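Engineer: Protein sequence lines correspond, in order, to chains A and B. So for the first sequence, the numbering used here puts the first residue at 105; every next one is plus one. So for the second sequence, the numbering used here puts the first residue at 124; every next one is plus one.
Note that these hints are calculated values from the structure, not bench results. These numbers come from a predicted model, not from an experiment. One should not assume that every hint holds.
Claimed, not checked - Covered stretches of chain B (chain A as the covering partner; in silico rule of three or more C-beta atoms under 8 Å from a C-beta of chain A):
hint, region
1, 131-140
2, 165-172
3, 233-239
4, 278-288
5, 358-367
What the hints assert, rightly or not - Using 20 Å as the maximum straight-line C-alpha spacing, the simulated SDA-like pairs for lysine to any residue come out as follows:
hint, chain 1, residue 1, chain 2, residue 2
6, A, Lys156, A, Gly351
7, A, Lys108, B, Asn242
8, B, Lys169, A, Val231
9, A, Lys108, B, Phe236
10, A, Lys109, B, Glu309
11, B, Lys169, A, Gly228
12, A, Lys352, B, Glu347
13, A, Lys168, A, Ala366
14, B, Lys169, A, Pro230
15, A, Lys325, A, Pro338
16, A, Lys352, B, Leu353
17, B, Lys169, B, Gln368
18, A, Lys156, A, Leu167
19, B, Lys169, B, Ala371
C-beta: ideal position from N, C-alpha, C; glycine also.
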Amino acid sequence: MYRKKRLVLPFLLPGLIGIIVFYVAPFFGGVWYSLTDGSFENAFVGLENYSKVWQNPMFQLGLKNTMELSLICAPSLFLLSFLLSLLLNRIRPAGGFFRSSVLLPYLMPSSAVLIIWLLWFDYGGPVNHLITLLGGNRVLWLQGAELRMPVVLLFLWKNLGFCVIIYLAALQAIPVSLYEYAALEGAGFIRQAFSITLPMIVPTAFLVFILSFVNAFRIFKEVYFIGGAYPEEPLYTLQNYMNNMYGKLNYQNVTTAAYIFAGMVFALFGLLFFLQNRAQRGLN
Amino acid sequence: MRQMKGIRLRMIQILLGLLAVILLFPMVQTFLYSFSSMTEMQAFMKTRGSYDETRWMEAHLIPNRVSLLQYHQILIADNTVLRLFLNSVFYALTILLGQAVVIPAMSFGLAKFRFPGRNALFFVIILLMLLPFQVTMVPNVLTLRSMGLLDSVWAIIIPMWFAPFYIFLIRQFMVGLPAELTEAAEMDGAGTLSVYLRIILPVSRPILGAAAALSFAESWNLVEQPLTYLTTRTDLQPLSTMFNQLAAENTGFEFAGATLYILPALFIYLFFQEDILSGIALTELK
Numbered sequence: 105m106y107r108k109k110r111l112v113l114p115f116l117l118p119g120l121i122g123i124i125v126f127y128v129a130p131f132f133g134g135v136w137y138s139l140t141d142g143s144f145e146n147a148f149v150g151l152e153n154y155s156k157v158w159q160n161p162m163f164q165l166g167l168k169n170t171m172e173l174s175l176i177c178a179p180s181l182f183l184l185s186f187l188l189s190l191l192l193n194r195i196r197p198a199g200g201f202f203r204s205s206v207l208l209p210y211l212m213p214s215s216a217v218l219i220i221w222l223l224w225f226d227y228g229g230p231v232n233h234l235i236t237l238l239g240g241n242r243v244l245w246l247q248g249a250e251l252r253m254p255v256v257l258l259f260l261w262k263n264l265g266f267c268v269i270i271y272l273a274a275l276q277a278i279p280v281s282l283y284e285y286a287a288l289e290g291a292g293f294i295r296q297a298f299s300i301t302l303p304m305i306v307p308t309a310f311l312v313f314i315l316s317f318v319n320a321f322r323i324f325k326e327v328y329f330i331g332g333a334y335p336e337e338p339l340y341t342l343q344n345y346m347n348n349m350y351g352k353l354n355y356q357n358v359t360t361a362a363y364i365f366a367g368m369v370f371a372l373f374g375l376l377f378f379l380q381n382r383a384q385r386g387l388n
Numbered sequence: 124m125r126q127m128k129g130i131r132l133r134m135i136q137i138l139l140g141l142l143a144v145i146l147l148f149p150m151v152q153t154f155l156y157s158f159s160s161m162t163e164m165q166a167f168m169k170t171r172g173s174y175d176e177t178r179w180m181e182a183h184l185i186p187n188r189v190s191l192l193q194y195h196q197i198l199i200a201d202n203t204v205l206r207l208f209l210n211s212v213f214y215a216l217t218i219l220l221g222q223a224v225v226i227p228a229m230s231f232g233l234a235k236f237r238f239p240g241r242n243a244l245f246f247v248i249i250l251l252m253l254l255p256f257q258v259t260m261v262p263n264v265l266t267l268r269s270m271g272l273l274d275s276v277w278a279i280i281i282p283m284w285f286a287p288f289y290i291f292l293i294r295q296f297m298v299g300l301p302a303e304l305t306e307a308a309e310m311d312g313a314g315t316l317s318v319y320l321r322i323i324l325p326v327s328r329p330i331l332g333a334a335a336a337l338s339f340a341e342s343w344n345l346v347e348q349p350l351t352y353l354t355t356r357t358d359l360q361p362l363s364t365m366f367n368q369l370a371a372e373n374t375g376f377e378f379a380g381a382t383l384y385i386l387p388a389l390f391i392y393l394f395f396q397e398d399i400l401s402g403i404a405l406t407e408l409k
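Can you make the complete structure from the sequences, with help from the hints?
Structural biologist: Following this line, the structure appears as structure tokens:
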């Protein structure tokens with residue numbers, strides 16, 4: 105550990121300047137926009153923009169959809185990757201092929217894969233074919249609320265691998281002797297998973313949970329690829345609202361909506377952080 | 124964990140193997156389709172969107188006749204896809220170059236120096252990492268405009284040089300490096316720069332590789348930035364924002380385009396795969 109303050113500056117300064125100019129200053133600079141009316145005089149209007157945006161039906165639709173999609177995507181990503189990493193950890197070192205193929209989609213460009221995705225979910229496509237073979241009826245996947253299904257699956261397909269890898273790293277750090285001891289005591293697979301595995305990886309699980317939400321909030325990408333700037337109602341996210349307001353040069357509404365969103369994001373992560381602290385203290 | 128034997132192990136292997144095939148299938152299908160002739164592909168794509176209850180799409184997987192016409196079209200006859208592809212390559216490389224200069228240095232500063240405000244700075248970086256892009260979008264547009272960068276490639280590239288996620292990732296790895304690693308060099312009177320270049324960077328190879336691959340994936344899939352910073356310049360758009368419109372036109376060469384788009388990401392993945400796995404395993408991600 106170096107203590108001379110002068111020495112750190114050459115390493116820190118380039119990054120620090122960039123972070124201040126492109127991240128920190130804009131964050132505070134935007135506050136001004138959310139509190140003024142955007143007219144020629146640019147008068148101070150207090151919280152008027154906030155109440156206007158909050159009551160805007162498109163904002164409400166976007167917020168509702170973003171919350172619903174995040175609450176579908178993030179928990180399923182969190183649980184599915186946990187289960188997969190448990191299975192994968194059980195069959196190591198044989199799982200090399202699976203480990204490689206589960207991470208690959210994370211690096212793939214979504215829009216290139218989307219053509220195949222739309223083929224699979226076509227009314228006459230393989231997914232519906234499989235459903236009818238199993239005795240069900242065809243579903244109109246590419247319209248209305250059903251369109252969420254392909255979007256969520258594309259999201260899971262893409263993000264699963266990264267979470268599995270993070271979990272797996274934590275699982276492999278658990279000493280084998282703990283399990284041997286538990287097995288001697290007669291604890292089965294389920295018992296071991298909950299009494300040893302889960303408590304040992306609480307910090308990692310917390311990280312994966314946060315990453316799941318951060319990525320779920322960015323589902324706009326997938327939505328944009330499927331639906332463009334104005335997707336059908338069930339897919340209209342908060343980011344669609346903000347981008348479209350930006351297109352109309354309504355900077356006040358963009359920043360105001362962005363701060364409401366940021367406030368909610370930070371409140372959620374603050375709550376998660378609090379819960380994680382509690383959980384860890386409870387376990388120790 | 125205790126190794127399992129016999130039938131349960133087999134079942135898990137089969138299950139995971141099946142899942143792996145499903146995960147890889149979109150890419151395999153894209154490659155196979157890219158070797159169909161354009162007329163064959165156009166005819167096949169027209170069978171989509173039919174609501175006739177009695178009919179299914181053809182279970183078409185392998186080209187009727189292998190043809191390189193799609194590739195001829197996108198690489199030689201028509202340069203629309205190729206131009207966008209080269210835009211994407213340019214963005215990915217310049218972003219990566221700038222990040223290589225700025226980010227590991229800052230991570231080193233945060234991990235191995237003691238200075239006032241260090242923890243506060245790190246906390247700010249974590250907060251910024253969680254922040255959605257749109258929060259800083261409008262003020263950024265104004266900053267970039269006043270610098271004369273808006274509607275130029277630099278509007279996309281320069282802010283990405285300071286992406287907080289990679290600072291966080293690399294810092295977490297460097298914090299875990301033992302102090303003994305640098306002590307001997309310090310005794311010999313090596314300066315911080317030489318310690319950074321000769322010791323810290325080489326031993327950080329896995330996380331640097333992982334970060335490079337993840338950053339490439341992000342640049343290769345840019346959407347929000349080009350949509351807001353390049354509104355008047357369709358010629359500078361990367362493949363990521365334009366590919367869908369091209370694919371929607373049923374040109375017959377969309378699968379060769381998709382293959383071209385996928386291949387660099389695939390090579391990057393194969394090249395950095397071990398780095399990603401070991402980099403993440405060795406990083407204190409808590």
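Engineer: Decide, hint by hint, whether the structure agrees.
Structural biologist: Structure-based check of each hint:
With 6 residues carrying a beta carbon less than 8 Å from a beta carbon of chain A, the region 131-140 of chain B meets the three-residue requirement, and the given coverage holds. Given a C-beta distance limit of less than 8 Å, the hint that chain A covers the region 165-172 of chain B holds, as 3 residues qualify and 3 suffice. Three residues within the 8 Å Cβ limit are the bar, and the region 233-239 of chain B against chain A gives 6, so the coverage statement holds. Three residues within the 8 Å Cβ limit are the bar, and the region 278-288 of chain B against chain A gives 5, so the coverage statement holds.
Counting residues of the region 358-367 of chain B whose beta-carbon sits less than 8 Å from any beta-carbon of chain A gives 4, enough to reach three: the coverage restraint holds. For the hint pairing Lys156/A with Gly351/A, the CA-to-CA distance comes to about 19 Å; that is within 20 Å, so the pair holds. Among the hinted pairs, Lys108/A with Asn242/B is consistent with the structure: their alpha-carbon atoms are about 16 Å apart, no more than 20 Å. Taking the CA atoms of Lys169/B and Val231/A, the gap is about 18 Å. The hint holds against a cut of 20 Å.
Using a Cα cut-off of 20 Å, the hinted pair Lys108/A and Phe236/B holds, with the two alpha carbons roughly 8 Å apart. Our distance criterion of 20 Å between C-alpha atoms is met by Lys109/A and Glu309/B, whose separation comes to about 16 Å. Of the pairs offered as hints, the one joining Lys169/B and Gly228/A holds, with about 12 Å between alpha carbons and a cut-off of 20 Å not exceeded. A hinted pair counts as satisfied when its Cα atoms are at most 20 Å apart, and Lys352/A with Glu347/B qualifies at roughly 16 Å.
Taken as a hint, the Lys168/A and Ala366/A pair is honoured in the structure, with Cα atoms around 15 Å apart against an allowance of 20 Å. A threshold of 20 Å between alpha carbons decides the hint, and for Lys169/B with Pro230/A the separation of about 16 Å falls inside it, so the pair holds. Distance check on the hinted pair: Lys325/A and Pro338/A sit about 15 Å apart at the alpha-carbon level, within 20 Å; holds. A distance of roughly 15 Å separates the Cα atoms of Lys352/A and Leu353/B; the hinted pair therefore holds under the 20 Å criterion.
At most 20 Å may separate the alpha-carbon atoms for a hinted pair to count; Lys169/B and Gln368/B meet this at roughly 16 Å. For the hint pairing Lys156/A with Leu167/A, the CA-to-CA distance comes to about 14 Å; that is within 20 Å, so the pair holds. A threshold of 20 Å between alpha carbons decides the hint, and for Lys169/B with Ala371/B the separation of about 11 Å falls inside it, so the pair holds.
Hint compliance for this structure: no hint is broken.
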